[in-house]
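> All chains, please: the whole structure from these sequences, using the hints.
Next come the chains, spelled out residue by residue.
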Amino acid sequence: MSFLDSQWQGRLELLIAAGRAAGADLVEIFLERFDRLSVLAEQERVTSVNPSLGCGAGIRVFHGAADGYRDGFVSTTNLSDEGLMQALDQALGMLNLQRGISNGHSFAGLNPLSNYGSSKQNWLTQCPGVQTSADRLLEGTAKLEQHGKHLQARRGSYSRDWQEMLVAASDGTFSRDLRLHQTLGLSVLAADGEHRSSVARRFGSSDNPRDLIDWDADAAARDISASSATMLYADYIEAGSYPVVLANRFGGVIFHEACGHLLETTQVERGTTPFADKMGELIAHESVTAIDEGVSPQSFGSLAVDDEGFEPQRTTLIENGILKAFLSDRAGELRTGHARTGSGRRQGHSYAAASRMRNTFIAAGPHSPADLISSIDRGLYCKVMGGGSVGPTGQFNFSVEEGYLIENGALGKPVKGATLIGDAETVMPRISMCGNDLDLAAGFCGSVSGSIYVTVGQPHIKVDSITVGGR
Amino acid sequence: MLNPQQLHDQLSTLAKQEGINQWDLGAASGTDLSVQVDRGEPKQLKGAQRSAVTVRAWTSDGRVGITSSTDLSIEGLAQALKGAKEASVFGDLEEPPGLSCRSLEPLIPLERPRLALQPIQNLLKTLLDAERQLLDLHPAINTVPYNGLSERNGESVYINSLGSQRHHLSSSSACYLYARAEQDGRKPRSAGAVRLAYGSEQLDVQACIKEAAELTISHLDYSAIDTGYYNCVFSPEAFLDLIGAFSNIFNARSVLDGLSLSNRDSLGSTLAVPFLNLWDDPLHKSNLGASAFDGEGTPTAPLTLIEAGNLAHFLHSEGTARQFGVAPTGHAGMGSKVSVGPDWFVVAPTPGIAAGDAQLNRHKADGVVWIDSLSALHAGVKASQGSFSLPFDGWLVKNGERISIEAATVAGDIRKVLKTILALEGEPLVTPGGMCPYVWVEGLSITGET
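Chains as they are written, first to last, in this note's numbering: chain A, -3 to 467; chain B, 5 to 454.
Check before you lean on any hint, since a few could be wrong.
In silico negatives: residues of chain B with every beta carbon more than 10 Å from chain A [stated by the list, open to error]:
hint, residue
1, ALA91
2, GLY95
3, GLN125
4, LEU173
5, GLU205
6, VAL277
7, ALA296
8, SER391
9, GLY430
Here are the computed lysine-lysine pairs in the DSS-like style, where the Cα-Cα straight-line distance is at most 27 Å [claimed, not checked]:
hint, chain 1, residue 1, chain 2, residue 2
10, A, LYS274, A, LYS320
11, B, LYS420, B, LYS368
12, B, LYS368, A, LYS409
13, A, LYS274, B, LYS191
14, B, LYS89, B, LYS129
15, B, LYS89, B, LYS20
16, B, LYS402, B, LYS420
17, A, LYS320, B, LYS86
18, B, LYS423, B, LYS368
Treat the hints as calculated values from the structure; they're not laboratory data. Predicted, not measured: the structure shown is a model, and the values here were computed from it. No residue lacks a Cβ here, since even glycine has one placed at the ideal position from N, Cα and C.
What follows is the structure, encoded as structure tokens:
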């Protein structure tokens, strides 16, 4: 049943008009209702079922073109008229504005509702219920038992996040959407004497109620079991500088973290990106073209409309090594002049939107993955990447979950404990070969506007030299 | 303001209507204010009114269901209870959580101030002043890209069908300043500092500025470090971060799940050098986030984890304690599967034993790596394997002189680290996450950027 729809128009217009009359240059109100479910299965038992319901609003006020558009943001879980007006007053007060003291700013009213959710009304009921979710997870942990060896713990987890959102702003923006994100994870811990390996995989989709039902549990379990068995007896890698081949799919996390964040206008505003004044310049090897988009059907980072009511675009960030665009939200456009790209995103009502990535990937190149491996005498093949982070000076580090030595142009023994370290400015020009096997993987990105759903991706790529931490 | 008696009465009535005999509830609400600034201008001013409630309901055969909501009204409680009842059908019969047998015990009184929130313009003025002072301290410091000053007033409630009614009021404030410095032809460097207090007026902002500046400046003249094995000295914060990342060693939930480096028979086994003691001290006077009860209403209290190098106790929830035949220790969260975790670690020498090599002094060392802070623990720690490979900020100490390390990682195994501690240098120092002296560790693998 619809909760956030055009019936809110009158209430929102009153709030926005009050904010404008108080002198705000722009007033934006984001409303959400959510219905979440998480299920955990361990070995042969379902050990946790967690439903979670809620709603809330975030009100943002911009003021002062001459001062670079300062903004105040207040969130609340009280959606009564009184609660919302109180939040507006607080946001106005942050900018020394006061309701009732008219500054003569007018408000022409909201546009007719752009309803991106009208065809999605039944998604929540079409999603699998708890019993089906539990059954599928138990099937996954049973498959792990069937295919794995020396397994000490087997886990399957599922989470479903259904969100109804409504955004209204004093520029007339009035949009509604329904969103559905589902994630599915399988993990194992294997142990044999002193040898241990832990392997996890996570899958995710948006806007596909049948995602869990259609999931291939057997294929996932085989992949994880094989990886676990390989890594159980792997030696630690010797630290040093290596040429590296990064596999496709989640290998793209490095571009996301090391370079993608530096192409968000949030970083331009802060002065923390080395690329701020390099538009049109060569910032990467000419073999690199990188794209961020929010339009691929059912990809984890796709959205019909962003959290500021702007339709997402396909944004070419880097073309043949040359910087072409930044990812921009409303504040980014106001403060840096980079046009909005439909990248205004937030975890929920308690965060102000910020320019964030969606589905980000390096485009495919002409080489086969075998070409990349065979071009290296001694190096490292990173088949599966783990997590990582980027520091305030752009320095990144990423763990390698499943790695292999490359010896004389061929894959050698598995190695563990590798960490890739470097910085984007140094590493981007060293991506000398891109494979022809672009593939994407779902992930979560935590940053200034909270944790959001994203996709990372790339083909196999070769980095000529990178520092590898090990033992 | 949350009213435990009223919530208890409301939920009792609703539970009776639903035919539920056993239930509990955890609720929290609060108000947050925060500001960020950017080169003399307000960057973002933010406020939030938060509320959350979690209700658990048990079936007559002992299965538990749970539902969380942001709605603390009577309608919201009714919806949450109904959701919990529906979810209880899927509850785990083999290892179900119960109500804590200690949820009715008296609590150790917590005498902590609860300070009123300041107007947000006061926070803004304080932070703008702090940023300006920090920028003025050194010509190479050109921005403070990560900064913030926040205040929070909150309260939490735990009630259950046994009659437990817990209520906790709190206030807190935090200031962080991370400066960025650049010199011609060299990579930018960044470092920072954090201060916590019960309210913004109690924050030692000047100390935060001074520490952020000193650290940032100390990293300006950096050099690459040769890859190899080095004796390392961990700052209190860095060592506590490392211990915290491997806290599954002490976690009974992880032991039962097969995800810990310990097992049920590990109590009494040697984990560390004999001069190391470690305990969890949730009620320590320096723990600003202290609460007198955990997520199950169990009173919190100090608990020894490593005594003279040996594993002394596990952290427990109600459910894990029942499985081990001991009492809950006050370290539970709230859930259908209850999480367990530490609060505030204290590392100190074992009384009556020399704390390792008393000659070791980081200010007079030679060829030693001083690890000031670790990062990316979420990615570089394999908690269930014991291994870590982590980037760090620190210095190579040569003939007593500190030389900032350009970029490097430290790698090792926590079980080996604990057994190769060379010394605990100086008295334990208070950090936001616990207390610890400087800790010397023998021969860790350091990889420098080449």
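> A separate judgement is required for each hint: does it hold in the structure or not?
Tested hints:
no.	hint	result
1	ALA91	5 Å, violated
2	GLY95	7 Å, violated
3	GLN125	8 Å, violated
4	LEU173	19 Å, holds
5	GLU205	19 Å, holds
6	VAL277	21 Å, holds
7	ALA296	26 Å, holds
8	SER391	6 Å, violated
9	GLY430	28 Å, holds
10	LYS274(A) / LYS320(A)	9 Å, holds
11	LYS420(B) / LYS368(B)	25 Å, holds
12	LYS368(B) / LYS409(A)	43 Å, violated
13	LYS274(A) / LYS191(B)	17 Å, holds
14	LYS89(B) / LYS129(B)	50 Å, violated
15	LYS89(B) / LYS20(B)	12 Å, holds
16	LYS402(B) / LYS420(B)	25 Å, holds
17	LYS320(A) / LYS86(B)	53 Å, violated
18	LYS423(B) / LYS368(B)	24 Å, holds
Checked against the numbered hints given earlier, this structure breaks hints 1, 2, 3, 8, 12, 14, 17; the rest are met.
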